[in-house]
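Sequence lines, in order, name chains L and F.
For the first sequence, counting from 1, position 309 maps to 345 in the numbering used here; every step adds exactly one.
For the second sequence, counting from 1, position 162 maps to 379 in the numbering used here; every step adds exactly one.
No lab work stands behind these hints: they were computed from the structure.
No experiment lies behind these values; they were computed from the predicted model shown.
Heads up, some of the hints might be wrong.
Capping the alpha-carbon separation at 30 angstroms, the derived lysine-lysine pairs in DSBU-like fashion look like this [unchecked claim]:
| no. | chain 1 | residue 1 | chain 2 | residue 2 |
| --- | --- | --- | --- | --- |
| 1 | F | 291 | F | 223 |
| 2 | F | 291 | L | 293 |
| 3 | L | 183 | L | 74 |
| 4 | L | 101 | L | 177 |
| 5 | L | 350 | F | 446 |
| 6 | L | 255 | L | 265 |
| 7 | L | 265 | L | 183 |
| 8 | L | 343 | F | 531 |
| 9 | F | 272 | F | 257 |
| 10 | F | 436 | L | 293 |
| 11 | L | 101 | L | 74 |
| 12 | F | 531 | F | 282 |
The residues making up each chain are set out below.
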Amino acid sequence: MARTWEDMIETFRALGGTADNIVRGNGARGRGIFPIDKSKPARLHVPENLLISDDDIVFIDGRLKIRSSAAYGRSEREFFEEYQDIFSWGDTGRSECSAFIQGLEELPPEVLSLLFPDGIAKPQSHDDHERIEQEFVQSRKLERNGKCVLMPVVELVNHGPTARPFATTNGVSIEGMFSDEVLVRYNAQDAFGIFLSHGFASPELVAYSVAARREGPQKLIVGRKTNDKSKRGSLNIPNFRIDGDTLEVSCLMIGNKRFPRLPKGIFCHIAREAGWTNVEEEFDAIVHRNRMTFLHLLQLLEPHEGKLIPTVRKMIRYQLEAMSHCIGTREL
Amino acid sequence: MAWTWKEMIDAFRALGGTADNVVQGEGTRGRGIFPIDRSKPIRLHVPENLLIPEKDTEFVDGRLKITDSVKYGKDEQEFFEQYQNTFSWGGSGRSERVALARAIDQLPPEVLSLLFVGSTMKRQVDIDPARIEREFVQSRRLERNGEYVLMPVLELANHDPAAPSYDTTGGVSIEGVFSDEVLARYGLQDPFGIFVSYGFASAERAAFSLPTTREGPHKLIIRRKINQKSSRGSFYVPEFRIEGDTLELSCLMIGNMDFPRLSKGIFCNVAREAGWTSPEDEFDAIVQQNRMSFLYLLEVLERHEGGLVPTVRKMVRYQLEAMSHCIGTREL
Chain L
37 MARTWEDMIE TFRALGGTAD NIVRGNGARG RGIFPIDKSK PARLHVPENL
87 LISDDDIVFI DGRLKIRSSA AYGRSEREFF EEYQDIFSWG DTGRSECSAF
137 IQGLEELPPE VLSLLFPDGI AKPQSHDDHE RIEQEFVQSR KLERNGKCVL
187 MPVVELVNHG PTARPFATTN GVSIEGMFSD EVLVRYNAQD AFGIFLSHGF
237 ASPELVAYSV AARREGPQKL IVGRKTNDKS KRGSLNIPNF RIDGDTLEVS
287 CLMIGNKRFP RLPKGIFCHI AREAGWTNVE EEFDAIVHRN RMTFLHLLQL
337 LEPHEGKLIP TVRKMIRYQL EAMSHCIGTR EL
Chain F
218 MAWTWKEMID AFRALGGTAD NVVQGEGTRG RGIFPIDRSK PIRLHVPENL
268 LIPEKDTEFV DGRLKITDSV KYGKDEQEFF EQYQNTFSWG GSGRSERVAL
318 ARAIDQLPPE VLSLLFVGST MKRQVDIDPA RIEREFVQSR RLERNGEYVL
368 MPVLELANHD PAAPSYDTTG GVSIEGVFSD EVLARYGLQD PFGIFVSYGF
418 ASAERAAFSL PTTREGPHKL IIRRKINQKS SRGSFYVPEF RIEGDTLELS
468 CLMIGNMDFP RLSKGIFCNV AREAGWTSPE DEFDAIVQQN RMSFLYLLEV
518 LERHEGGLVP TVRKMVRYQL EAMSHCIGTR EL
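All chains, full assembly: derive it from the sequences and hints.
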């Protein structure tokens with residue numbers, strides 16, 4: 037049964053969802069959500085009963101469904117599956133993910149191996165349908181309280197690097213005044229991370245180091261699990277671990293447009309805590325290696341054309357711009 | 218009168234020039250000079266009597282001539298003019314400059330204004346013969362002992378940043394064993410400078426700041442007259458001037474692949490001499506400003522294709538790579 041946007045929103049509200057002062061439209065980022073009256077706040081809220089765990093979904097005959105064994109109400113189940121068929125997966129979701137995967141496959145192998153150095157971010161399955169389905173779920177889910185959920189309607193909101201993040205208490209919501217499109221910050225990623233997880237180029241305000249290991253007297257392991265779960269002074273900083281002569285950082289900020297002294301400040305503080313010397317130069321060397329990695333990627337792209345190549349080039353530029361905002365240092 | 222390469226070289230040698238084991242040929246850089254026997258050294262030497270100061274030349278009816286016939290021997294004059302009109306300006310020199318000027322003028326206006334900022338590098342929109350003639354001479358001259366000279370035959374060797382520089386004692390020469398093309402390093406330039414002077418992208422090993430003026434309690438003027446005419450400690454550094462609260466640098470190195478600590482070291486040394494405190498942050502800010510200028514150039518180029526766009530992109534990448542080699546600092 038064909039359902040209109042209004043029908044769907046009505047059902048959404050009947051099941052506890054909130055959709056105040058919003059409408060679907062087209063903008064600079066393609067299809068998205070816009071305020072009806074820009075002088076008033078917009079509010080989108082997905083209640084707990086409509087947040088579907090990614091463990092509870094399955095694709096059957098090309099349709100996204102909730103597993104029959106999963107414990108959801110019948111109305112919620114019907115709503116979610118119809119929403120996915122008409123407004124998400126079955127609308128443009130599948131075709132967009134398919135286009136992204138095809139774009140990736142057209143990239144030169146040496147570019148792919150730089151983008152996915154250990155294959156972790158790359159979908160494991162070689163079957164086209166499964167890859168597309170995995171890519172879709174990967175790009176739409178939100179990690180919340182240690183679990184990943186799909187969030188109908190709210191997932192239609194596009195990403196903005198300077199927008200507020202999702203509010204995740206009692207469901208998931210977005211709220212505020214929007215002079216143009218309703219936007220949300222999907223996560224605390226950099227331009228490179230956003231491209232890998234969502235397939236588009238975004239001018240993020242922060243850059244993180246690529247994953248790396250460095251042997252030697254001051255052994256360093258750098259991950260890419262972006263977080264700010266530790267604390268030093270008044271600042272939240274990423275988790276890190278000092279184990280003998282090894283310093284392991286869950287992630288390493290290497291550029292920040294709002295706080296350009298912060299990246300070196302954080303690293304130097306942690307490295308001194310680990311007993312390192314010459315920490316500022318160590319940091320410079322890490323940032324240099326990152327720059328050269330992305331410049332090498334640009335070099336590899338030079339002789340090629342392809343649908344995704346302009347996007348990758350733009351992502352690299354955004355990453356280099358964010359990395360460039362690393363000036364001086366500071367105490368924490 | 219048609220002149221063969223052999224006839225020209227015979228005349229060159231008769232006037233005191235040396236051209237041992239060399240022949241004209243085609244390679245990856247286009248037309249150039251190659252060793253006849255690659256296992257043996259080559260030698261190209263232009264004696265003093267064949268080095269013609271730029272100020273003693275002029276274009277008459279589209280031909281490059283020596284202006285002051287009294288100063289130069291008749292044979293030298295005839296040789297220079299016939300050489301120019303057969304193998305250089307009249308060979309492919311003029312047509313190459315016209316093609317380059319046309320390609321540059323096809324670049325988007327916002328790219329042109331970024332590439333040619335400042336009066337010394339200002340471009341005219343229309344191609345006129347005087348512009349082509351001037352650019353040709355500028356691309357072929359060598360600065361030697363405070364004046365610019367044209368150096369027949371030797372000027373046909375192509376550029377490479379890793380090649381030896383010209384030996385300018387007792388004339389101008391290149392000498393050595395070359396496994397492929399005979400190459401010379403035209404001068405101390407960065408990729409941006411090489412592109413603006415010669416129109417090609419070259420992976421130079423150093424980067425210099427764009428010209429800029431920074432106001433504030435410490436006024437800073439940075440020019441782009443690249444030189445190493447001063448010294449500090451055992452290092453050659455560019456000329457600089459301290460006048461009151463103003464520090465004027467003839468140029469500022471901001472990256473060096475062979476000596477990555479040197480760039481910040483030179484600036485900090487000079488700035489402290491001018492009474493600055495915390496010059497490290499100031500240096501970081503200058504480098505950041507430069508990076509953002511070139512990244513903005515990349516952004517503008519994203520919307521364009523064809524012509525010189527790939528070359529400019531490559532030049533920008535080379536410049537960013539050279540700038541990236543700025544790690545730590547050092548005392549001089």
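Problem set entry | Pair hint outcome, residue 255 (chain L) versus residue 265 (chain L) [Cα-Cα no greater than 30 angstroms] | 22 angstroms, holds
Exercise. Are residue 531 (chain F) and residue 282 (chain F) close enough, with their CA atoms no more than 30 angstroms apart?
Worked result: Measuring from Cα to Cα gives roughly 36 angstroms; hence the hint is violated.
Problem set entry | Given hint residue 177 (chain L) paired with residue 101 (chain L) - CA-CA distance at most 30 angstroms | Holds, at roughly 15 angstroms.
Exercise. Is the straight-line distance between the alpha-carbon of residue 101 (chain L) and that of residue 74 (chain L) 30 angstroms or less?
Worked result: Since the Cα atoms of residue 101 (chain L) and residue 74 (chain L) sit roughly 35 angstroms apart, the hinted pair is violated (cutoff 30 angstroms).
Problem set entry | Hint consistency between residue 291 (chain F) and residue 293 (chain L) [alpha-carbon to alpha-carbon, up to 30 angstroms] | Measuring from Cα to Cα gives roughly 66 angstroms; hence the hint is violated.
For this session: Verify the proposed pairing of residue 350 (chain L) with residue 446 (chain F), using a straight-line Cα cut of 30 angstroms.
Result: 40 angstroms, violated
Exercise. Does the structure keep residue 343 (chain L) and residue 531 (chain F) at a Cα separation of 30 angstroms or less?
Worked result: 20 angstroms, holds
Problem set entry | Restraint status (C-alpha distance of residue 183 (chain L) to residue 74 (chain L) at most 30 angstroms) | Judged against 30 angstroms, a Cα distance of about 34 angstroms means the pair is violated.
Exercise. CA of residue 291 (chain F) to CA of residue 223 (chain F), is that 30 angstroms or under?
Worked result: 21 angstroms, holds
Exercise. Taking only the CA atoms, is the gap from residue 265 (chain L) to residue 183 (chain L) under or equal to 30 angstroms?
Worked result: Holds, at roughly 17 angstroms.
For this session: Mind checking the alpha carbons of residue 436 (chain F) and residue 293 (chain L) for me, to see if they're no more than 30 angstroms apart?
Result: 25 angstroms, holds
Problem set entry | Pair hint outcome, residue 272 (chain F) versus residue 257 (chain F) [Cα-Cα no greater than 30 angstroms] | The given pair, whose Cα atoms are some 37 angstroms apart, is violated under the 30 angstroms limit.
Hint compliance for this structure: hints 2, 3, 5, 9, 11 and 12 are broken, all remaining hints hold.
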